[in-house]
Amino acid sequence: MSQFLEISGLNARIDADGQEKQILRGVDLSIPPGEVHVIMGPNGSGKSTLSYVLAGRDDYEVTSGSVQFQGQDLLAMEPEERAAAGLFLAFQSPVELPGVNNANFLRTAINAVRRARGQEELDAVAFLKLAREAAKTLSMAPDMLKRNVNVGFSGGEKKRNEVLQMTLLQPTFAILDETDSGLDVDALRVVAEGVNRLRAPTFSALVITHHQKLLDYLVPDRIHVMAKGRIILSGGPELARQIDQEGYAKFLSEAA
Amino acid sequence: MISPDRNGPLNLFTSRLEGITGAERQQAVAALQRAGLPTRRVEAWKYTALRALGQSSLSAPAALYDAKAARAVLDDVLSAQDSLASLPRLVFVNGRHAPELSVLPKAVTVTFFADTPRFGTAAAPDRDPLVALNTALAEDGAQIQVEAGVDGGALVLLSIGLGVQGSAFSFHPRHAVILASDARLELICVQAGQGAYFHNPVTDISVGSGAALEHVTLQLEGAEAVGLGTVYADVASEGVYDSFALGVDGLLLRHEVHARLGASRAAVHVNGVQRLGGSQVGDMTSVITHAAPDCISRQTVRNVLDGHARGVFQGKVLVEQIAQKTDGYQMNQALLLSPDAEIDAKPELEIYADDVRCSHGATVGALDDEQLFYLRSRGVPEAQARQILIEAFLDETLGLISHAGAQALCRAMLTRKGAAGESA
Amino acid sequence: MRDENQLHAAVVELVAMDDASIKYSTVQNWYPGDEEGRGGIYNFVTKRGACRGARSKISWTQVETGSAITWKYPSCILQGEGSVGEFYSVAVTNNCQQADTGTKMIHLGRNTRSTIIAKTISAGRSDSTYRGLVRVQPKASGARNFTQCDSLLIGDRCGAHTVPYIECRNMAARVEHEATTSKISEDQLFYCRQRGLSEEDAVGLIVNGFCRDVLKELPMEFAVEAQKLLQISLEGSVG
Ligand SMILES: Nc1ncnc2c1ncn2[C@@H]1O[C@H](COP(=O)(O)OP(=O)(O)O)[C@@H](O)[C@H]1O
Ligand SMILES: [Mg+2]
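One line per chain: the protein sequences are A, B and C, in this order. Heads up: the first sequence begins at 1 in my numbering, then just goes up one per residue. Heads up: the second sequence begins at 1 in my numbering, then just goes up one per residue. Heads up: the third sequence begins at 1 in my numbering, then just goes up one per residue.
Heads up, some of the hints might be wrong.
Claimed, not checked - One side of the interface only, derived from the structure: several residues of chain C facing chain A at Cβ under 10 Å: (1) 46; (2) 47; (3) 108; (4) 199.
To be verified - Lysine-lysine pairs mimicking BS3-like chemistry, simulated, CA-CA at most 30 Å apart: (5) A:146 / C:139; (6) B:325 / C:183; (7) C:47 / A:146.
Stated by the list, open to error - To spell it out: a stretch of chain B is covered by chain C in this simulated footprint if at least three of its residues, at any positions, have a beta carbon under 8 Å from a beta carbon of chain C; those stretches are: (8) 360-366; (9) 406-416.
No wet-lab data here; the hints were simulated from the structure. Here a beta-carbon is modelled for each residue, glycine too, at the ideal position from N, C-alpha and C.
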């Protein structure tokens, strides 16, 4: 059987003000089902780009390489098809949607995904019950559901809102792009618990982070270090602790 | 046959428009005869009537003028801001170059329209009747050229109007400012005078790629004068046209800017302040055309209106289909100081490109009672408190003038006007 | 029949006396013509309102999605002391439609208030214009107006225009006007699509959010209808 997620030779670039800028330069990464993998790496190394490419953002042009996701060609799918197939991205900086009610947005998203998965749609009552429960477990203020999506949310509230969406959309593969940055310890635990509740032999996650703290709660299976658009090093959980203590510099010079 | 009803006040010029020679001028006369001078039925002149031009025919100005009076106007301007005295200056009196009052600049090339008439390319007579009138009757004007990569420094262009008892006349200077690529210039245009006359300058501006022109215009015209200034500016790639107009004195003032962003990453600023009282009418009109992608336009205009004054703001931002990634911002605010003052505003967006960020805003209101009370409760007399708040209202906008001397001159003229207003 | 144009030229006049309040809601969905602009209704409508009485109120709410050409400027003459005029409008144009709509708020009496919220959405090769007048006369001390005009463009062949006229002859009045033009951001679209919405549904959702301040003024059953209409009118405008 093929891997759960198999990224090979992935190259991607962006057209920035008329100039082609190569960002991903041959990313190889495979994640088996049921595992939590971590990507660390200095700012600007391409971590967010990788997550956008996996989620199907089309301002990035994939110039070569492939991504197989549960036996499907991920790169050939539309963003919403990827979501329906179980891919979820918690954005590094979630955008604001003025005038769009959070609850309404969530329900529309959930039902779109359920429809695509051949599941029955949730009616308003069932949805609200579910959403309120989820919000409560994440210690979110109940009025967050009534507010406009991310509008006027604090950094922490935005991140919790991302985790709320993840909880409700029940992905099989979640990418968390620095979801822990700027969070206090309590919020950090909430995020970690959100991921841990989803953990199952059929669920994998790719966590982008700079800090060991989140990993204490998540207990990852493998750590990868990204630099200049490639994975330059992979190892067990101890690698993260080493980076936390010694920084990236040592590994970067070794790889060079 | 020119009918005063359909052709506006064109009949005031009938005899001067006869027997005009030269292809450009004749075309302008034909355009005028087709369209006439604007009445309020013309949308662009909805709020401003040229009735202020009066009933008598307007002749060409006399060749001789009162040299002492002209010197006095010059001295008055320089005394308000003495740092300007050291700058080169081009002085015109009743539309004609006055060499004895001028100090020619070194870093820029100046020729005179009277010697080598050139009409420029941006201002088109068939689109704009006041340009047509100017084209038909232009006598003189400054043609200022800055070579590529040269910093031309600051230059004062002073147009003095001297009304003559019992004589109605008009003058129509034709100026041109051409900045080659990467050139710079700070041009301070002061239109000052006394009495009655009609001043109808047209300025044709071309800002080359990477060039930057700061253009400050002060309208300090004679108390019974009509001053209409029309500017056409074309801005090339990465060029900046930074314009500021101050409307203070004159019976009827209109400052009209047509700025065209013709190549990518160009920028224009069309800012202004009007401080009017008595029965003055002041009009700030602009059309900013985004004709290329990635350009920026900024406009802030503030009006302070006292007495029976009427302020007009018409600002159109036109974004053509090609002009993706346009960034346009426009704000017009008015402070009404008297129950009989009036503001008419028409901020207009016309947009044909989808990937743009454009916004405009307009506000009208009086001085804030709470602020006024706060100042007074701290012991500031009411008149002074009002003055402080008016200055605060205008301060940020005046701060947009980069040239320190020009900014100081504007502030000095506003303080004068404020003092005159309080004593009246 | 469908290739020809039909004219709809209605006249509506509202008068509100002391303490009376009128809310007039329209959802307009006439045939807009085909994709090439053949056929469709010319919707030239005269609507005016007079708030004659003290504290009277007239509120116009409209959702204009149909017609080949719409010209419509419901007005409020605010005569009675403390009277209130409101105009809430959503205009959606697609294909070759043209909508030129707005309001006139004429403040005559003391302490009169007006609110204008106009949302225009243009797609296809259509043009949508907000054109409106706010006039404050010398006796209207204490008058207040707030105007918000927002335009959303979908695609690069349509136009969105804002032409407000503001005439204020009273220093004890306060007039505020704001207008913005933007497009649906790629970020917003992508965010929705990442959450599993189709592009069309995402646009519908964002457009509904954009119009919310107006839609919430509609009676409940109208609002649901209007939301569906917005979606239908924009069909085929993306992708
Ligand atoms: N939209 C974009 N336009 C221009 N450059 C971009 C864009 N997105 C990413 N980049 C560049 O690509 C590199 C990698 O960015 P990113 O993926 O955000 O890194 P990371 O998440 O590891 O900090 C950076 O140099 C960044 O500036
Ligand atoms: Mg990042």
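Hints violated by the structure (listed by number, smallest first): 1, 2, 3, 5, 7, 9
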